[in-house]
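Got chain A sorted already, so can you dock chain B onto it with the hints?
Chains as they are written, first to last, in the numbering used here: chain A, 7 to 541; chain B, 6 to 321.
Derived by calculation from the structure, the hints in this document are not laboratory data. Be aware that a few hints might be false.
Unchecked claim - Label-pair distances were calculated between CB atoms; the ranges are:
| no. | chain 1 | residue 1 | chain 2 | residue 2 | range |
| --- | --- | --- | --- | --- | --- |
| 1 | A | 533 | B | 159 | 44 to 50 Å |
| 2 | A | 428 | B | 65 | 18 to 24 Å |
| 3 | A | 284 | B | 81 | 20 to 26 Å |
| 4 | B | 68 | A | 286 | 55 to 61 Å |
| 5 | A | 111 | B | 68 | 47 to 53 Å |
| 6 | A | 286 | B | 58 | 48 to 54 Å |
| 7 | A | 458 | B | 58 | 20 to 26 Å |
| 8 | A | 533 | B | 58 | 47 to 53 Å |
| 9 | A | 111 | B | 23 | 56 to 62 Å |
Here the structure is a predicted model, which is why all the values come from computation and not from measurement. In this text, a Cβ means the ideal position worked out from N, Cα and C, and glycines have one as well.
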Amino acid sequence: MRRMLLAALSLVLLFLSGCHGHKEHATGQETELHVAAMAGPITLNPLFLRDSASAEVASLLHATLLVTDPDTLAPQPHLVSSWEVLEDNLTYIFTLHENAYWTDGLPITAEDAAFTMRVICHPDYTGWLFLPLQYVAGAQEYKQNHQSLFADGFIAGIKVLDEKTFSITLKEPYAPFLSFLTFPLLPAHLLSSVEVRRLEAHEYSFKLPVSSGPYLLAAWDTDEYVHVKANPNFFLGKPKIEHIYYRFVPNVETQVIELLAGKLDLIPTAVKVEDVSRLQADPQIKIYTNPRLVYDYIAINTKKDSPLQDRRVRQALATLVDRREIVNNVLLGFADPLYGPLLPLHFAYDRSLHTEAVDLAAARELLVAAGYKNLQLNLVFNAGNLVRENVALLLKEQAAKIGIDIQLSLLEWEAFLAAINEGDYELAILGRGVEADPDLTYHWHSESLGNALGYKNEEVDILLEQAIKATTQEERATLYRQAQKKIVADIPAIWLYSRQAIHAVSAAVENFRPHPESVFFNVHEWTLKAEEENM
Amino acid sequence: MIFQLVRRFTQTLLVLFGVSIATFLTMHLAPGHPLQANPELRLDPTAVERWLQLRNLDQPLPAQYISWLSRMLRGDFGQSLLYNRPVTELILERLPSTLLLTVPAFVLGLLLAIIVGIYVARKQNSWAERLVQIFSLAGISVPSYWFGIVLIILFTYRFPLFSAVGMRTPGDGSFWDIIQHMVLPLTVMIFHNFAYYVRHVRSAVLNVLNLDFVRAAKARGLTDRQVMILHVLPNSAIPIITIATLSLPMLFTGAMMAEQVFAWPGVGRFIVTSTMARDYPVIMTVNLYTASLVAIANFFADVLYLLVDPRLRVKA
Numbered sequence: 007m008r009r010m011l012l013a014a015l016s017l018v019l020l021f022l023s024g025c026h027g028h029k030e031h032a033t034g035q036e037t038e039l040h041v042a043a044m045a046g047p048i049t050l051n052p053l054f055l056r057d058s059a060s061a062e063v064a065s066l067l068h069a070t071l072l073v074t075d076p077d078t079l080a081p082q083p084h085l086v087s088s089w090e091v092l093e094d095n096l097t098y099i100f101t102l103h104e105n106a107y108w109t110d111g112l113p114i115t116a117e118d119a120a121f122t123m124r125v126i127c128h129p130d131y132t133g134w135l136f137l138p139l140q141y142v143a144g145a146q147e148y149k150q151n152h153q154s155l156f157a158d159g160f161i162a163g164i165k166v167l168d169e170k171t172f173s174i175t176l177k178e179p180y181a182p183f184l185s186f187l188t189f190p191l192l193p194a195h196l197l198s199s200v201e202v203r204r205l206e207a208h209e210y211s212f213k214l215p216v217s218s219g220p221y222l223l224a225a226w227d228t229d230e231y232v233h234v235k236a237n238p239n240f241f242l243g244k245p246k247i248e249h250i251y252y253r254f255v256p257n258v259e260t261q262v263i264e265l266l267a268g269k270l271d272l273i274p275t276a277v278k279v280e281d282v283s284r285l286q287a288d289p290q291i292k293i294y295t296n297p298r299l300v301y302d303y304i305a306i307n308t309k310k311d312s313p314l315q316d317r318r319v320r321q322a323l324a325t326l327v328d329r330r331e332i333v334n335n336v337l338l339g340f341a342d343p344l345y346g347p348l349l350p351l352h353f354a355y356d357r358s359l360h361t362e363a364v365d366l367a368a369a370r371e372l373l374v375a376a377g378y379k380n381l382q383l384n385l386v387f388n389a390g391n392l393v394r395e396n397v398a399l400l401l402k403e404q405a406a407k408i409g410i411d412i413q414l415s416l417l418e419w420e421a422f423l424a425a426i427n428e429g430d431y432e433l434a435i436l437g438r439g440v441e442a443d444p445d446l447t448y449h450w451h452s453e454s455l456g457n458a459l460g461y462k463n464e465e466v467d468i469l470l471e472q473a474i475k476a477t478t479q480e481e482r483a484t485l486y487r488q489a490q491k492k493i494v495a496d497i498p499a500i501w502l503y504s505r506q507a508i509h510a511v512s513a514a515v516e517n518f519r520p521h522p523e524s525v526f527f528n529v530h531e532w533t534l535k536a537e538e539e540n541m
Numbered sequence: 006m007i008f009q010l011v012r013r014f015t016q017t018l019l020v021l022f023g024v025s026i027a028t029f030l031t032m033h034l035a036p037g038h039p040l041q042a043n044p045e046l047r048l049d050p051t052a053v054e055r056w057l058q059l060r061n062l063d064q065p066l067p068a069q070y071i072s073w074l075s076r077m078l079r080g081d082f083g084q085s086l087l088y089n090r091p092v093t094e095l096i097l098e099r100l101p102s103t104l105l106l107t108v109p110a111f112v113l114g115l116l117l118a119i120i121v122g123i124y125v126a127r128k129q130n131s132w133a134e135r136l137v138q139i140f141s142l143a144g145i146s147v148p149s150y151w152f153g154i155v156l157i158i159l160f161t162y163r164f165p166l167f168s169a170v171g172m173r174t175p176g177d178g179s180f181w182d183i184i185q186h187m188v189l190p191l192t193v194m195i196f197h198n199f200a201y202y203v204r205h206v207r208s209a210v211l212n213v214l215n216l217d218f219v220r221a222a223k224a225r226g227l228t229d230r231q232v233m234i235l236h237v238l239p240n241s242a243i244p245i246i247t248i249a250t251l252s253l254p255m256l257f258t259g260a261m262m263a264e265q266v267f268a269w270p271g272v273g274r275f276i277v278t279s280t281m282a283r284d285y286p287v288i289m290t291v292n293l294y295t296a297s298l299v300a301i302a303n304f305f306a307d308v309l310y311l312l313v314d315p316r317l318r319v320k321a
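Looking at chain A on its own, in the form it has when it is part of the complex:
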């Protein structure tokens, strides 16, 4: 009896193991790639992206007007194949790629571009893309005065010249403008009859019947995966990999095991630094890294009445931070130390701001000079980010050496955001995403909506205003370097590091070239080695 049971059991196991095995890269002749994601997307509508999963999937499904160069971040042609700037530096004439088609076969036209920009400028639009478009002549007026529920009518500064050409006129020179034209278009023939307030919840955002990117939506299974298929009519040529499965695996450990077991091909961007050496030991896996346009910093609340309003106290804190130690020991080298508000990738980055010296004696002197022997400050940071937790502990330890007692308060994400927005903190560890263009206006101009720290320096304001009107890159670089020096000298924040993206990729994937803002930047050029062997 027992033997029969055993035999039956082993048969079942054999059967089950037979059903399974390592994932084949090719089903028949069709290649497939399995990508891990922490969460599924929320929307596929490219104008309403608010989370990274939606943004990643959107970059597979939609082509943007322009792209930025992965190394220099300079604007490059994409759906817009060429452009011209008129003498006045206000009018840009754009020509769309002649082979650019929607997936339903209709050409992508200048009217699509004009329609998309009208949606963005419509009073009922709730995404963030209006920020750069507010510089377009007539955009503000459209936003304030447009009565219809639809994105119809005209914006004075946007003109459709012919099927493939359109022009945009700005109300004043705005040097970073081109670097913001990196949004995709909506198909006007499908969506112009939809009220703008209903666009976000419209079927289009989930079923995506028509798109323009390297891949088209095949299936989106709730909480399981998004399956995309190569778009045969993609204007840069049909992608080499036939199918991509973007699979939601909400657990990092499971992701790594599945990658090692050969059931996933790519863990993009957020591989944990501790896992890198284990993954590197496997010849089937390659690790790629690239800089990203995000950084972490310690925000200093100077709006609240506290000793931090004294610059000497802020400087004492800044002198304590050992960025090298954080980068080498906490981030195991997968980050660049940061000393100012721009990243090494930016053309206006200033190397002269580097300061390595951690000087406890000087920090103590500054504190005493400011009239404090001992000081208590609270530091707010969010739960679930191990790196920030370690940084907080390191800072607490260092500060204790000069008589500053740092009280740590670890908050759940939403509570953390609420504390930051209500200014209920003295010090906070925050992250920030920056743009491809080095323009510092959004975060550091005293009148900008994005100036969350309430930083105010009139000289900086003037420099930034000059810089967005300047015409040459050298001129802008000089102005931004001057502005950076002033901002850093005022110590409104302590910049810490900019983490690198770490991707773990199956060795079979070739031509993998991630962009600081998008892992799928050149996805249409990726190939799988197995594919060639099969042929």
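The following block gives chain B in isolation, referenced to the frame of chain A:
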């Protein structure tokens, strides 16, 4: 009898009303709102304001509650703020995959616990009893999360027999494929359920076994089997029914840990993400839904008591 049922029903309605107000208030007292300015992203404050307006989130709280209540009474549970789709649709599309996991885990776990529990109750101080006690202690104290990861390492990496991610292989989804994906999460859940139920079954049966009427039955010359079936089991059923029916609501809210570790596309994961994201309409609906399930389960337990225990029927 009917009067009692009606009274129970009105009580339940009042409780649900209380739950909805409590949920609504705590939810809005918790800091943050679904689209609050995230300093790590670029957000246009005027757009955020418009977003709140279009969803009536700028209204005073009592007005928001009343409009929610009136819509709910008409069967409209609103739209998810995060997903922009009807809440009921979002829950219903996740329910089948949750039930696929929770129902077998419940049935098998309970069945196994009843069989083993009765067996060890009869064999006190045996090695089998000690083994089961260790096993059930382990099942309760070992976190499902850790156990899940161990299983994944063992059976998808070292001995690749099963799949650990999701409910099916993308592009497959055949019967065997789904069974294959179910094995590991189901093992974790059955282990946990079994460990929980088996102690209750054992102690319920033991309690009855030590009573005088059992000894009397034996003295009358009934066989062990007859004593068990005719006297012990019916009398130890009540606590087991209580435990089992109280876990019924869990069938519908999913196994959050197992769903998280094995990337199972169920209701549990959805509830967690929605709560984290302050998705008010979803939180309201889920709470009401869970509270109703608990109420229904209690009601169901009462009915079952009446069925198994004739004495209660007389009192009623």
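Against the structure, test the hints numbered earlier, and report the numbers of the ones violated in rising order.
1, 3
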